[in-house]
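K.L.:
Work the whole structure out from these sequences, hints included.
What follows is the residue order along each chain.
2 protein chains.
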Amino acid sequence: MPHDHSEHEQTPEQLEVQFEQLSLLESKFEDAEAEVIRKADAIKAPLYKERTEFVAKVPHFWSLVFEQCPQEVENFIQPTDSEVFAECLESLEVTRFEVDDQPRSFSLKFGFSENEWFSDKTLEKKFWYRHTKDWDGLVSEPVKINWKKGKDLTGGLTDAAVKLHEARKNITDRKKEMALPEYKDLSNKIETSADASVSFFGLFAFVSGYRWVSAEESAEARKKDQEQLAKLKAGEKIEEDDEEDEDEDPQDYQETEVFPGGDEVATIIAEDMWPNALGYYKAHFEMDGEFDDEDLSELDVDMDEDEDDSAEEVDIRALVGKGKKGEEPPSKKQRKA
Amino acid sequence: MPHDHSEHEQTPEQLEVQFEQLSLLESKFEDAEAEVIRKADAIKAPLYKERTEFVAKVPHFWSLVFEQCPQEVENFIQPTDSEVFAECLESLEVTRFEVDDQPRSFSLKFGFSENEWFSDKTLEKKFWYRHTKDWDGLVSEPVKINWKKGKDLTGGLTDAAVKLHEARKNITDRKKEMALPEYKDLSNKIETSADASVSFFGLFAFVSGYRWVSAEESAEARKKDQEQLAKLKAGEKIEEDDEEDEDEDPQDYQETEVFPGGDEVATIIAEDMWPNALGYYKAHFEMDGEFDDEDLSELDVDMDEDEDDSAEEVDIRALVGKGKKGEEPPSKKQRKA
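Protein chains in written order, with the working numbering: chain S, 397 to 733; chain Y, 397 to 733.
Since the hints were derived computationally from the structure, they do not count as laboratory data.
Remember, it's a predicted structure, so these values are computed and weren't measured experimentally.
Be careful, since some hints might not be right.
Copies of the same chain are indistinguishable here, so a pair counts whether it falls within one copy or spans any two.
[Claimed, not checked] Straight-line Cα separation of at most 27 Å, DSSO-like style, residue types lysine-lysine; simulated pairs:
id	residue 1	residue 2
1	Lys-445	Lys-424
2	Lys-559	Lys-540
3	Lys-435	Lys-445
4	Lys-517	Lys-545
5	Lys-627	Lys-440
6	Lys-633	Lys-453
7	Lys-633	Lys-445
8	Lys-424	Lys-440
9	Lys-435	Lys-424
P.N.:
Take a look at the structure:
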């Protein structure tokens with residue numbers, strides 16, 4: 397190596413100071429980011445309202461958005477899920493339901509018409525941004541789906557997740573939790589269905605990419621964090637946390653997670669698909685110019701397959717059934733950035 | 397199909413109205429998004445300044461950030477690029493240089509110490525968000541890198557891109573442009589090097605994922621767009637654009653694009669790595685608790701390989717040379733969300 401890095405070497409004490417400064421700065425960035433989310437929410441709220449009114453008049457808007465959704469979400473949408481969306485998905489609403497306190501929390505509210513799969517008219521999945529001393533991220537409570545007889549697309553996983561979540565509500569001891577019959581039932585169900593791809597509706601059973609974190613635990617961890625930061629700001633020495641580290645293994649908790657990666661999928665829906673829904677919808681319509689008559693005559697659900705659609709995938713556009721199969725498909729247009 | 401969708405069928409006239417409303421609404425969303433970027437920029441500016449001061453005291457901050465960067469960027473970093481970063485990358489600065497007019501434009505400014513590869517102390521790559529009637533997105537001018545003799549990591553691609561860009565400056569005719577010797581030279585170089593992975597520094601040669609769009613063309617397209625939107629708002633009928641569509645094939649322009657996907661890579665740097673740099677830096681240090689003494693003694697450049705590091709990759713952490721190889725690597729910690 398032509399350069400000698402030894403002049404850059406830092407002592408453990410220097411590193412300690414450096415990491416304290418870094419933590420302080422990081423907390424300021426987190427506050428700023430929260431403020432940005434709040435501002436964005438306020439700026440866009442009236443537009444989302446306007447869009448909801450517009451979309452209500454557009455047939456199949458959200459199923460067509462899901463048809464064009466990013467790969468990371470599409471990977472989780474099974475052929476039957478596409479069928480459900482095409483048949484009965486009527487609305488989607490994303491709200492930051494505790495925007496003042498924690499703007500990173502959000503809810504996905506799906507609205508459905510009468511259908512053959514479940515009796516629910518709305519399914520709302522709330523994601524709370526919560527803290528522990530080692531982690532922060534989104535957690536959620538499993539949502540009961542009232543599946544019609546023989547129609548449960550998750551093979552009992554959502555029901556089992558709801559039951560476990562109820563059963564462990566007042567249990568803080570991890571060993572007792574793992575001894576619950578509901579725990580065994582859910583982990584067995586997950587294990588036996590590991591080879592099959594879980595339905596998108598398994599997302600409603602999602603709990604956490606780490607483990608369940610209650611509002612109380614989160615509030616306490618946040619308070620501790622803020623006390624430590626206040627000390628750092630005041631230039632005080634941080635006291636060591638003498639508590640024994642509990643022998644926690646978050647991997648272990650994933651034994652009962654029906655939908656690993658559910659927080660990421662939900663985040664893409666909330667932060668990409670929700671704000672950019674008009675663009676995803678429009679991507680179905682291949683237009684050369686924005687308001688070209690020739691294109692408008694072709695302004696219909698596009699019948700040609702996307703290049704990366706897998707063969708087994710259900711063609712929502714065919715289900716939506718706009719006809720015009722005889723027409724020459726409009727030429728592909730480069731997707732707008 | 398149990399449900400009949402025919403009640404949803406829309407006439408071409410209804411669709412036309414629908415798409416006009418959609419375009420109007422979309423333009424409002426674009427304005428709102430621009431406002432959000434401006435607000436975020438203003439909120440975070442003082443923090444970025446504070447971070448720059450902090451980072452100046454942290455050895456190898458940015459090379460360690462690049463070491464931990466998202467897969468979509470990492471894919472473009474070759475072993476020699478990692479070596480360059482570890483040896484001489486001293487700073488990175490992202491600025492929204494025309495935030496009032498077009499907040500989506502940004503610049504990446506890399507600072508380097510004296511090194512064996514090139515004589516430049518800073519390399520600044522500007523990305524302008526521009527419009528045509530069919531497309532909008534980021535375009536950039538190739539940046540000259542003053543490679544030292546025999547040290548050009550791009551095998552002449554950056555030089556050739558700069559030369560072509562200069563040569564075509566006053567040419568508007570595409571056929572004349574394609575007849576330029578500089579055009580043939582660059583497209584030949586790209587074709588013959590197609591099998592080899594291009595250096596990350598090829599990013600400095602990036603022009604566009606579509607084609608080069610000048611400030612003038614963009615201003616004109618934007619003006620037309622706004623005139624049409626104003627008419628839509630006023631409820632007026634949009635006039636047809638009678639201009640013949642020029643026989644443009646953006647694919648064709650990619651013959652002289654040194655770094656396809658460069659706009660996406662730059663966007664990830666600007667919108668993910670830049671705001672979250674402290675987190676990426678911290679990800680090197682595996683800590684169980686934030687301020688734990690035991691961890692602080694291990695607070696050093698982590699020597700264990702990431703699971704997905706490819707075998708050929710240069711280990712920056714080894715280049716950085718913090719030693720301590722004999723130590724037990726700290727246990728992996730779940731990455732913070």
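K.L.:
If a hint holds in the structure, say so; if it doesn't, say that too.
P.N.:
We went through each hint and held it up to the structure:
1. Taking the shortest Cα distances, Lys-445 and Lys-424 sit within 27 Å of each other only across copies (12 Å), while inside one copy they are farther apart (32 Å).
2. For the identical chains of this complex, Lys-559 and Lys-540 are intra-copy neighbours only, at 9 Å inside a copy versus 63 Å across copies, given an alpha-carbon limit of 27 Å.
3. Within a single copy, Lys-435 and Lys-445 get their C-alpha atoms as close as 16 Å, and across copies as close as 21 Å, so both meet the 27 Å cut-off.
4. Proximity of Lys-517 to Lys-545 under the C-alpha cut-off of 27 Å is restricted to the intra-copy arrangement: shortest distance 17 Å within a copy versus 69 Å between copies.
5. Taking identical chains as interchangeable, the C-alpha atoms of Lys-627 and Lys-440 lie at most 27 Å apart only when they sit on different chains, with a minimum of 23 Å there against 37 Å within one chain.
6. Proximity of Lys-633 to Lys-453 under the C-alpha cut-off of 27 Å is restricted to the inter-copy arrangement: shortest distance 21 Å between copies versus 61 Å within a copy.
7. Within a single copy, Lys-633 and Lys-445 get their C-alpha atoms only as close as 49 Å, which misses the 27 Å cut-off; across copies the closest is 25 Å, which meets it.
8. Taking the shortest alpha-carbon separations for Lys-424 and Lys-440, both the intra-copy value of 24 Å and the inter-copy value of 9 Å come in at or below 27 Å.
9. Taking the closest pair of Cα atoms, Lys-435 and Lys-424 come within 27 Å of each other both inside a single copy (16 Å) and across two copies (16 Å).
Checked against the numbered hints above, the structure breaks none of them.
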